[in-house]
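Protein chains in written order, with this note's numbering: chain A, 1 to 317; chain B, 318 to 514.
To be clear, the hints were calculated from the coordinates, so they are not data collected in a lab. For every residue, glycine included, the Cβ atom is placed at its ideal position computed from N, Cα and C. Check each hint, because a few of them may be wrong.
[Unchecked claim] A short list of chain A residues far from chain B (calculated; beta carbon distances all over 12 Å):
1) GLU41
2) LEU208
3) SER215
4) GLY242
[Unchecked claim] Here are some, though not all, of the chain A residues that point toward chain B, as calculated from beta-carbon distances under 8 Å:
5) HIS30
6) ARG38
7) GLN40
8) ILE54
9) VAL63
10) VAL64
11) ARG115
12) VAL120
Next come the chains, spelled out residue by residue.
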Amino acid sequence: MAETRQPYRKLPGRRRGFISSASLWTGADHLLSVRSARFQEQYKRFYFRDIQAIVITKVPRFVVPKGVLAAALLPIAVSILSARVAPLAGWLWLALAILTAAWIYISVAQSCTCRLYTAVSREDLSSIYRMRTARKALAILEQRVAEVQGVFTEDWAEAADVRALGPAGPASYQAEPGRPQPAAARSRTWVSDIFLASLFADAVVTTLETRSASSWLADVSVALTAVQIASAIWIFVQRHRGILRIGMQRLAIAALLFIGGITYAQIIGDTFEAARAGKRGPVTVRPRERSGIVRPIYSGGAALLAIAGFVLSFKPE
Amino acid sequence: MSIPCNRCNRPLPKWELAGQHAALCPECGASSVVRVFPALFYAPSGPVAAEAAAEGESTCFDHPAKRAVAACSRCGRFVCQLCAVEFKGTVWCPSCFTAGEHKPKTASEPTGFENSRTLYDSTALIVATVPLLLWPFTAISAPIALFLAVRYWNRPLSLVRRWRWRSALAAALALCEIGGWIWGIAYVALKAGTGRG
């Protein structure tokens, strides 16, 4: 029996990461939880007739959405711009400070976890993590569930005292079949060690390059970048197999984006320099050596990523 | 009390739950909004007992000693009371229900009771865009992205999305990247030819 294609309406709230995202949708008779891993979506249906309770608890949650990540890239833009447009750089720093303060306030005072109970399941709704969104989603869900189940005519709190909510057993993470068990994942492997070591070494080499530019240092830096790319890809594989924790994968993604961003920044910088010098014709792309302001940004960024990686590596398992 | 706090998993006291607004957890102090629905008070259904089959009676495919009560609407196997899974007004056998989530091959085909779906359109778009960060990789990735976008054009999209713009954008980007490579190679070849001449 195939169910006909039914329209879904999105509930407020969405959790977006670089790799995964989560959202909630309401169908004709059920709530659909969608977890997307870019290449694949996992679905869970909770029929309105089966929903026993929804509990939203105010807790601090430091979720970093894509918008905040984009804002975090502002310092790089500021560093590049400050060399050319000084007044604009001041405003950018101010905007960054306001954004950071707002994010900290929302994370501490306006965040929550949302859990849905049926007789046989207990599901954390990860797409709902801010109070404002939770209230909006709850209002819609309450209405849909009430249409199916009706409403209480007597005091439920007394009666609820003797009923068991959700499935038997303690609240704990229940892994879906076929998905890697998070308990088995490790903080570090030899691949992540190589990745971090190459990041750190690249930061050192690029700093040395800033002081004394020589071609062999540039060659070493290129080789280290190649090692970073290869080990980052292998980190994805290890994460997919459930060997590594997600934190290291996120760091690998950040490193790849950083390397790519720096490469393009170098090209754009060279184009500007050429334009200022009044050169015409194609600009020579320098894939091997980083120059000017790009070098300190690269070495600083690589060092920061390496430090973040070391912290992640030694987090208790 | 059986409604736990999301933060510490300790039960919330009933006097807190009786309040109309937020319930405060006495253990961790976290404030919770609790909505309970009548389903909590439905009578739990007990285990289903399947009847033993008498001689000459049809029996369940998986339990030969039990009397069949229905046939699976997908595979036709006989099922006993225990095995019969009622779904949308029809009866399924457990194996069809678990393994036979009918995955449609085209977008026009009706969807089954799926719990996952591969997103070929997103895959094509990622393969077309991410290698742009390190552009030499586009020499390999662009043809792959074009293949994915064209080959799986008719495959169903996400259950909740309707538009095919990802596939279209992936194909367009991949064509641009391939065009760029062809132009670049032709430019270098022509320049080399002019240099020799």
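Structure-based check of all given hints:
1. GLU41: violated (5 Å)
2. LEU208: Its Cβ never comes within 12 Å of chain B, the nearest being 24 Å, so this holds.
3. SER215: Answer for SER215 (chain A): holds, closest chain B Cβ roughly 21 Å.
4. GLY242: The assertion about GLY242 (chain A) holds, with a minimum of 17 Å to chain B.
5. HIS30: Since the shortest Cβ distance to chain B is 11 Å, the answer is violated.
6. ARG38: This hint holds: ARG38 (chain A) lies near chain B, its Cβ roughly 6 Å from the closest one there, short of 8 Å.
7. GLN40: holds (5 Å)
8. ILE54: This interface hint holds because 5 Å falls under the 8 Å limit.
9. VAL63: violated (15 Å)
10. VAL64: Violated: closest Cβ of chain B sits about 20 Å from VAL64 (chain A), beyond 8 Å.
11. ARG115: Status holds, d = 5 Å.
12. VAL120: Status violated, d = 11 Å.
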